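Going down the list, the protein sequences come from chains A and B.
Residue numbering for the first sequence follows this note's numbering, beginning at 59 and increasing consecutively.
Residue numbering for the second sequence follows this note's numbering, beginning at 7 and increasing consecutively.
Treat the hints as calculated values from the structure; they're not laboratory data.
A quick note: this is a predicted structure, and the numbers were derived from the prediction, not measured.
There may be inaccurate statements among the hints.
Label-pair restraints from in silico Cβ distances [said to hold, decoys possible]:
(1) M7(B) with E325(A): 35 to 43 Å
(2) A284(A) with V27(B): 57 to 65 Å
(3) A29(B) with A230(A): 36 to 44 Å
(4) A418(A) with A25(B): 46 to 54 Å
Take a look, some chain A residues computed to stay more than 12 Å from chain B by CB distance [stated by the list, open to error]:
(5) R114
(6) V117
(7) K198
(8) R249
(9) L283
From chain A, some residues computed to sit far from chain B (all C-beta separations above 10 Å) [what the hints assert, rightly or not]:
(10) L321
(11) G363
(12) G423
For each residue, glycine too, the CB sits at the ideal point set by N, CA and C.
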Amino acid sequence: MRHRAAYFAFDRFPSGKGSAVHIAQMADELFERSGGGLLGVLGGGGLPGYQREGAREIVRFEEQIPNLIDRAEAYSAWAAALLREHVESLEIVHVRDPWSALPALTAEDRDYKVVFEVNGLPSIEMGHTWPWASPATLGKIRELERFCLDRCDAVVVPSRVIGDAVRRLGTAAEKVHLVPNGADLPGETARPAGAPDRYVVYVGALQPWQGIDVLLRAFARLGDLADLRLVICSSVPERRAKPVRRLAERLGVADRLDWRFALPHPEVAAWLAHAAVSVAPLTGCARNLDQGCAPLKVIESMAAGVPVVASDLPAVRELMADGEHGRLVPADRPAELARAVRILLEYPGEAAAMGARARARVAGGLTWTRSRARLAEVYRTIAPSDR
Amino acid sequence: MTRCTVTTGFFLLGRCGRAAVAACPGCGRPVCAEHAVQGGYCPSCAAQAGGPPDPHDPSFASAYRRRYYESSSQTYYDNQWYSSFDSYDRGAFNPGDDYSYGEGDFGPDDGTGFVDS
Ligand SMILES: [Zn+2]
Ligand SMILES: [Zn+2]
């Protein structure tokens, strides 16, 4: 099979994580305009190593290599080999991280254009997830980022904050394109089985910068609302929840939590739609502030018509306005977070109006349809399809 | 009737479900006519090294496997960047060293992406 387009991500696909939704939308747009394509992603977890869906081929990197850098290196070699197979027919290669970008950019005889999608900078991100990584090591990763940013034909970012971070690294401004994240507007959803009568919902992964500890501390302050429960729809498996559960025990809120793990995406939409409030308690750490983020959970909550209480970070302000679509509260302040949630619960009419306005905001400018049209524009700019 | 259990779909995965015509000699799963590669192999097994040598195989998969193993036997050292990573650098990225709470960032049921919203 010959492909004109390829999309590579050093990430498992599909999965319950927000990144998988994003990959699906971006790759689908690329493959639709290219009459098919090659998707190279990580496998494992029972996913097939190879799939063929019409004119699309999905291949998954399946090597079980414990060390992250060793694994990334082997993945890059794997991607390089795949790209070699298709180097003559490829017109666009869209990559989602430096480990994918490197082989795409260094391939011999490449005639294709490379779109580098930057959702975060590993040189910042990995400093937050890998405490033993030295500044010198992170500096090497920063060099790799610069190399990829310099050499690629277009950079796609999901938020202005990330765009600014990329430009600070020296990337030419005209090469950087904003393609915001989006959400599909869910239709009517049935109340999820086992859903409590009244609940606050958290959706997403459990890394420290997500601020779940802040949320739990805030929830402890709402102990007088005896019927109120906190539903955590974790995108990561149950064994990763241990520290959060321990903290919940310590704060005395463990028996007021309901956990759901790695739910399929449509089920998450139902949990959002039937919640009283959705919370995005992102911390004010460098990862969220300097590098920026584009929290899909905020857009998906808005699309579901549920009022959001989120940390007041620049990247969140790009998506929602305080008092209009929900509430923005200072990051890392459990008391403020608790108060904002309490007020929304006390004024359900006002809360519902915020939810409705949030949904209208998504319908008017934050749909995936809109994001994909912007991405298509980027492809047209760098690789006119009439060649 | 035995149904084909090959995984299909792009974002939402499911089982094929068509009537099976063979059992894959590699993994034993039932496969339908559509999904049976020559010799009755399922697409995943066919794509793996040791799959059936098939000159008519429309998929590039066996070829890419072969090339991949060839290229990864000598590490990806043709690239300057990875070779700049010494054992000290690499040592910070072993399972259990991350903030993902003691059990590592790596496991059979985890994705490995480093950016998530
Ligand atoms: Zn098989
Ligand atoms: Zn089948």
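Inset, instruction - List in ascending order the numbers of the hints, as given earlier, that are violated by the structure. - result: 1, 3, 5, 6, 7
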